[in-house]
Amino acid sequence: AQSVTQPDIHITVSEGASLELRCNYSYGATPYLFWYVQSPGQGLQLLLKYFSGDTLVQGIKGFEAEFKRSQSSFNLRKPSVHWSDAAEYFCAVVRNTGGFKTIFGAGTRLFVKA
Amino acid sequence: DTAVSQTPKYLVTQMGNDKSIKCEQNLGHDTMYWYKQDSKKFLKIMFSYNNKELIINETVPNRFSPKSPDKAHLNLHINSLELGDSAVYFCASSQDLPRGQGPYEQYFGPGTRLTVT
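Sequences listed follow chains A and B, in order. Reminder that position 13 of the first sequence reads as 268 in our numbering, one-by-one numbering, no gaps. Reminder that position 80 of the second sequence reads as 646 in our numbering, one-by-one numbering, no gaps.
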């Protein structure tokens, strides 16, 4: 069965420090991978996505993610975190079941300290 | 300009009642979705409609019935509400890409927080 694992329930980083959020997926075929961010009381917003090609993808707000097939991972990174990045981050894999079905990870809550 | 809107934003009701949540998108998208986010933030798809046709119907109680009067609207009606239905419900939409080009990103509404007492 397809699944998405985000091992860290929450992470705290200092403002200005680098960030890496982990995501591992289980999927038999080439995955469609996404990272979404959810600010408190808001809906989800797409940060970036990977379908094929260059395994390092750039997203909005200075985020990037790297697809590593050998590790079944799609980790999200940012070189310098801003206080406004505090939010919930969701990794997702999409599979085609006659319609595209998105399976979300459990999310990682990011706290940013001054 | 609101891309995906949901009403109401908050809904508090008693067990056994019937309620509806409305969703509208002005993006011209072909596909709309309903998701349920529980208290632990876990997000799970419930339904997906493409051009008013039901595409994905996950294992949800038949007390939940989606209705798509047109491509821009996907409403969620819930009968005989139970305590376990308390959650945040998100509507989303996406555009279709030509076959073989994979799924497009989803645009989410702000959510409807449903509290059943």
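In short, the hints are calculated from the structure, not lab data. There's no promise every hint is true.
[What the hints assert, rightly or not] As a list, the in silico DSS-like pairs of lysine-lysine whose alpha-carbon atoms are at most 27 Å apart:
#	chain 1	residue 1	chain 2	residue 2
1	A	356	B	607
2	B	633	A	356
3	A	304	B	637
4	B	585	A	323
5	B	575	A	368
[Claimed, not checked] Computed spacing ranges between beta-carbons, pair by pair:
#	chain 1	residue 1	chain 2	residue 2	range
6	A	273	B	575	33 to 41 Å
7	A	265	B	568	40 to 48 Å
8	A	284	B	683	42 to 50 Å
9	A	334	B	635	45 to 53 Å
Ideal Cβ placement from N, Cα and C applies to all residues, glycine included.
- Could you work out which earlier hints the structure fails to respect and list their numbers in ascending sequence? Violated hints: 4, 5 and 7; rest satisfied.
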